[in-house]
Amino acid sequence: MKVLYFAWLRERIGVGAEDVDAGGAATVADLIETLKGRDARYAAAFGDLSAVRVALDQEQAELDASLAGAREVAFFPPVTGG
Amino acid sequence: MSIRVQTEDFDVGAEVAELTAGRADIGAIVTFTGLVRDHAGSGGGAELIAAMELEHYPGMTEKALAEIEAEAHQRWPLQATTIIHRFGRLSPGDRIVLVVAASAHRQAAFDAAAFLMDYLKTRAPFWKKEETPDGGRWVDARCEDDAAAERWRKG
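Chains as they are written, first to last, in our numbering: chain A, 1423 to 1504; chain B, 3 to 157.
If you are wondering where the hints come from, they were derived from the structure by calculation, not from laboratory data. Warning: the hint list may mix true and false statements.
To be verified - Across the chosen pairs, the derived CB separations fall in these ranges:
| # | chain 1 | residue 1 | chain 2 | residue 2 | range |
| --- | --- | --- | --- | --- | --- |
| 1 | A | 1438 | B | 146 | 22 to 32 angstroms |
| 2 | A | 1446 | B | 52 | 24 to 34 angstroms |
| 3 | A | 1433 | B | 94 | 15 to 25 angstroms |
| 4 | A | 1461 | B | 153 | 42 to 52 angstroms |
| 5 | B | 53 | A | 1437 | 46 to 56 angstroms |
| 6 | B | 60 | A | 1473 | 16 to 26 angstroms |
As the list claims (entries may be wrong) - When the alpha-carbon atoms are kept at most 30 angstroms apart in a straight line, the in silico BS3-like pairs for lysine-lysine are as follows:
| # | chain 1 | residue 1 | chain 2 | residue 2 |
| --- | --- | --- | --- | --- |
| 7 | A | 1458 | A | 1424 |
| 8 | A | 1424 | B | 65 |
| 9 | B | 131 | B | 65 |
| 10 | B | 131 | A | 1424 |
| 11 | B | 156 | A | 1458 |
| 12 | B | 65 | B | 156 |
What the hints assert, rightly or not - Partial list, derived from the structure: chain B residues whose beta carbon lies under 8 angstroms from chain A:
| # | residue |
| --- | --- |
| 13 | 116 |
| 14 | 119 |
| 15 | 128 |
Quick caveat: nothing in here was measured; it's all calculated off a predicted structure. Quick reminder that beta carbons are idealized off the backbone N, C-alpha and C, glycines included.
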């Protein structure tokens, strides 16, 4: 699936978008655990999950949401527009 | 209903003129314009900001704004609305966001404009990074904004 990162998550991880083989990840939280296992950059970016929001196919979702059917997962901090 | 996400500046007067052109049923227009402040935070004496970089999530941004706009039209008898949000590099004093709400009467226009801004600030995927003398810093979400959006919850 396509995984996108925005704002300081993008900066900490070092990429804005990548294709990820989610493997056995059933939920967003599973996917985060998989990513955190990759290297220190991901572990740092996902160190404080209270500061991380997620969207599945461009709709806001919860961290325990199922990944079933999702094609695009985006991680970002709480929004600060306006 | 009109939504634009763009790097270019906008002209508030021109947007209002376009919205009202050729019609006389609109009795009230409320516009809100957000500008880049030159200081971080809300109080005086805070850090000086040289510039601001606005990032967004193309695709989801337009979708989120369309949902917010549609909800405003469900809640109030609006004849027209416009939402414009800029992204990219902005300087202090630059316009960032415009919300226009048009209705037959003022209360719906006032309320809808406030609702659109409160929901935009908490639901539209934009992120601000301030350039300060100490380097770049991502702006933190404010709980006051969550509280402002919360007051529109039904029931």
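Checked hints:
{"no.": "1", "hint": "1438/A - 146/B: 22 to 32 angstroms", "in the structure": "30 angstroms, holds"}
{"no.": "2", "hint": "1446/A - 52/B: 24 to 34 angstroms", "in the structure": "47 angstroms, violated"}
{"no.": "3", "hint": "1433/A - 94/B: 15 to 25 angstroms", "in the structure": "23 angstroms, holds"}
{"no.": "4", "hint": "1461/A - 153/B: 42 to 52 angstroms", "in the structure": "43 angstroms, holds"}
{"no.": "5", "hint": "53/B - 1437/A: 46 to 56 angstroms", "in the structure": "24 angstroms, violated"}
{"no.": "6", "hint": "60/B - 1473/A: 16 to 26 angstroms", "in the structure": "23 angstroms, holds"}
{"no.": "7", "hint": "1458/A - 1424/A", "in the structure": "17 angstroms, holds"}
{"no.": "8", "hint": "1424/A - 65/B", "in the structure": "18 angstroms, holds"}
{"no.": "9", "hint": "131/B - 65/B", "in the structure": "23 angstroms, holds"}
{"no.": "10", "hint": "131/B - 1424/A", "in the structure": "25 angstroms, holds"}
{"no.": "11", "hint": "156/B - 1458/A", "in the structure": "38 angstroms, violated"}
{"no.": "12", "hint": "65/B - 156/B", "in the structure": "22 angstroms, holds"}
{"no.": "13", "hint": "116", "in the structure": "12 angstroms, violated"}
{"no.": "14", "hint": "119", "in the structure": "6 angstroms, holds"}
{"no.": "15", "hint": "128", "in the structure": "3 angstroms, holds"}
The earlier numbered hints that this structure contradicts are 2, 5, 11, 13.
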